[in-house]
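A.B. asks: Here is how the chains run, residue by residue.
Number of protein chains: 2
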Amino acid sequence: MKKLLSILSAVFVAVTALAQQALGPGTGLVSPEINPDHSVTFRLFAPKAVMVKLTGDFLPTRFVDLKEGPDGVWSYTTAPLEGELYSYSFIVDGRRTMDPSNIHQNRDVATWTNIFTLSTEKGDRGWYYEVHDVPHGTLSHVWYNSPTLGSQRRLTVYTPAGYEDSPKTRYPVLYLLHGSGGDEDAWSDLGRTAQILDNLIAEGKARPMIVVMPNGVWFNQAAPGAAVNMFQPTFANSRSQSTVEVENSFPDIMDFVEKHYRVAKGYANTAVAGLSMGGRQSCALSMRYPKKFGYVGLFSGVATPEGNEAALDAVFAAQPKLYWIGVGKDDGVRVNSLKLKDYCDTKGFPVTYYESDGGHIWRNWRIYLTIFAQKLFK
Amino acid sequence: MKKLLSILSAVFVAVTALAQQALGPGTGLVSPEINPDHSVTFRLFAPKAVMVKLTGDFLPTRFVDLKEGPDGVWSYTTAPLEGELYSYSFIVDGRRTMDPSNIHQNRDVATWTNIFTLSTEKGDRGWYYEVHDVPHGTLSHVWYNSPTLGSQRRLTVYTPAGYEDSPKTRYPVLYLLHGSGGDEDAWSDLGRTAQILDNLIAEGKARPMIVVMPNGVWFNQAAPGAAVNMFQPTFANSRSQSTVEVENSFPDIMDFVEKHYRVAKGYANTAVAGLSMGGRQSCALSMRYPKKFGYVGLFSGVATPEGNEAALDAVFAAQPKLYWIGVGKDDGVRVNSLKLKDYCDTKGFPVTYYESDGGHIWRNWRIYLTIFAQKLFK
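In order, the protein sequence lines correspond to chains A and B.
Here this note's numbering is used: the first residue of the first sequence is 2, the next is one more, and so on.
Here this note's numbering is used: the first residue of the second sequence is 2, the next is one more, and so on.
None of these hints come from the bench; they were simulated from the model.
The reader is advised that the hints may include incorrect statements.
Pairs count within a copy or across copies, as identical chains cannot be separated in the list.
Here are the computed lysine-lysine pairs in the DSBU-like style, where the Cα-Cα straight-line distance is at most 35 angstroms [to be verified]: (1) K260 to K206; (2) K293 to K169; (3) K376 to K260; (4) K49 to K376; (5) K49 to K260.
For clarity, every value in this text was computed on a predicted model and none was experimentally measured.
The whole structure should be built from the sequences, with the hints applied where relevant.
C.D. replies: If you want it as structure tokens, here you go:
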């Protein structure tokens, strides 16, 4: 039978591939190709194109031109790159085009972009974002009921390797919040949370912890595709920027997590952090519930002290184990982070301030998570 | 503070959107738009394009032409459609292009395609593939160790609504296998397993069950992006078509599942089903372990009786609760399914044979899962 099966298999493979695959040759191309010197070559088969450009977060300019070879394959090779998770797109005659040779993509709000990781040595930044042969945690998409918001809502939950096999162990929890237009999949997909935590824990650099990634847009139940009705996500509007609903309903999430997971409860075992809008929510949650979160992380967070002096004083009166502020040198919200830092410095409140290169981008938020996670629950 | 935050938020939103979003206007278009009569309108802003075509599994021909309006927006409206999950792509001047107005996509092996669901009434086919306000199960990505294959491997596991809140209940298990070139995410993403099961269970049409979706390519640990090293998946080759490694290592999966989940063990509580290559693996697993699987489903499976007569006789000697064969009228493997059915008929073995329209496509596999799941564990 096996021989017959092999022959038949070959037949459908051909048929199925034809039905689903591309409209010409060039699909066997390797792109991107990481060269031995860590430069990267991009290739696109586009014999009819007049102009092919590349845009990516590793380029010295916003766009570069690819050159066409006699075979209709356009290509471009970068300078050697550092370890990192990079994003790029082709622009073919003015139209943004996914790389058909690279199925690796991620979605930021309403935009899909090709990605690749590069690591030049063990332990560099790209290494932490890749999957290695270390013990792996579980990533679950679970639903909880929010009586406050009157709906079922979806959570992404990371439980560390060994969780299922250690039925008596209780774990600290990091609540990790996304930014405007994001959803409960943003941190796991764009933020590589599972990979970062798996690798940090395996290296002994972070404690095993549960990471809970809620949907921070209070009127959405779930990410697109997982929600009732298909919808096209958009960046923030004033309605989604409101934090009061998130503050009011956050105990619903914590109640669910503490009931369904083996959680080490209490101030010293509970952290909240978020990026951009999620940084603002984290700041607001720490002020609303000053005795809940012993660790607070604001990643490019939009929070300033003005009008919140008393609430911030209460936060620090509870003596948080860590109040961590990270922001990029070129980030428009840096001014807020500095105001908050200055206020805390003047008051003698211990804050840890970290400044990276670059702006309001996921590259920075992955860096901040990697640093912040190592400081938790120790 | 809130006022300041709102202003600042608006600033980044603009900046971030500019940095990440498209290269011109037209991004506010609605596409696809489902009209009141269930026809569907597709739109693409492409003022420089010479020719824009649409390909999709709902069209009477392989391609149709969009017409350009004076605003540079190309559009096409279908005839009224039945409830279904549909796939489509634009072809702009010969190049396959994702719809920038629709972030909903899925990946079949190495091809991303835009998708949408349409439901004309409760309970039609599209309705079962959509998310409704019913109790939702959990979808988890977990890793197990396979001593037989010498590696960690990734599984996708669906646990039904109520699983976490019913600590004394044990659940039957369906092992659900993908086809050539697929991975442990294929059934949940392309097959809408979680939505189908959530909806069938909520309607009382299927029993609450655990669904375990392994990676059936024995030399891959995990889906692209979740695996060590990035790789571009390909359709089957003879190496991946071999079933012996899957047969040998399957007890590693069952041992893990039975240890880590509250499983109702035994013949009457265990099912195996798969599509195409996975149908062949399901047939092989039922022959290898004839007393393990009380329910067997071959969905467009590549399996014939020749050379397997004794093994099939042993399968039916164990009196399976259900041996279900589904295939499309236009499927190249229909001949195999018929041979298997004829053999069983001649022998007096009870098989259930189901023939649908169409060929070797996911539309059929979602239909087969919807039918098969209703027949399990009853």
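A.B. asks: What are the numbers of the hints that this structure violates, sorted from low to high?
C.D. replies: Violated hints: 4, 5; rest satisfied.
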